[in-house]
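Spelled out from the first residue to the last, the chains are:
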Amino acid sequence: SAVISQKPSRDICQRGTSLTIQCQVDSQVTMMFWYRQQPGQSLTLIATANQGSEATYESGFVIDKFPISRPNLTFSTLTVSNMSPEDSSIYLCSVEGSGGYTFGSGTRLTVV
Amino acid sequence: DQQVKQNSPSLSVQEGRISILNCDYTNSMFDYFLWYKKYPAEGPTFLISISSIKDKNEDGRFTVFLNKSAKHLSLHIVPSQPGDSAVYFCAAGAGTASKLTFGTGTRLQVTL
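So the protein sequences, as listed, match chains A and B. Take the position in the first sequence, starting the count at 1, then add 1273; the result is the number in this note's numbering. Take the position in the second sequence, starting the count at 1, then add 131; the result is the number in this note's numbering.
Quick caveat, the hints were computed from the structure, so don't treat them as lab data. Don't take every hint at face value.
Unchecked claim - 25 Å max Cα-Cα, derived SDA-like pairs, lysine to any residue:
1) B:K187 to B:G226
2) B:K230 to A:P1344
3) B:K202 to A:L1318
4) B:K230 to A:N1345
5) B:K230 to A:T1293
6) B:K230 to B:I184
7) B:K230 to A:C1286
Computed from a prediction, not measured in an experiment: that's the story for all the values here.
The task is simple: from the sequences and hints, build the whole structure.
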């Protein structure tokens, strides 16, 4: 199955700033998924990123707040813009592999 | 609207006994179900999956049972080991390469 390198693993950010999270996959994949896990809650899909097209966002998530780039088949970034304490979460990228989905190790974001 | 529900937030089982984790879903379009294990500070790790054409899938100590009429699936771990202590998420999808909807997780504690 694919191996995903996600960074940063954690960060503490000031409100009003932005953070870009990167995911690098060791193989070419068509779709990459970005999830958020807020404290005590389940994983929630933010958007699906296809190479060469605009990301598809789930209800409650918008491109201005979570811009996504997908410049090639092995790489994607998610930016959390104009952060507030409510954005404090774990953010994960994911790709589909044989038998299931593989996840990055996650980015634990704390906004102060 | 929580389409995938794990009603037990925690479960404690003695080492060597069977662990049974339950999951219910409401969306009849789901045709693919997965279980993930998550350790603290790590991303979810894929465990086992089942498609709606089956009612059982087994992989070593892990067996997933699907009851489509009841919209219920369960994960059996036998024998349970201390290293199985983690949070377990069930997830469901509709069609291949589809977004996953996750349950809120069940924290399993395997005691000596």
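**OP:** Tell me, in ascending order, the numbers of any earlier hints that this structure violates.
**Re:** 7
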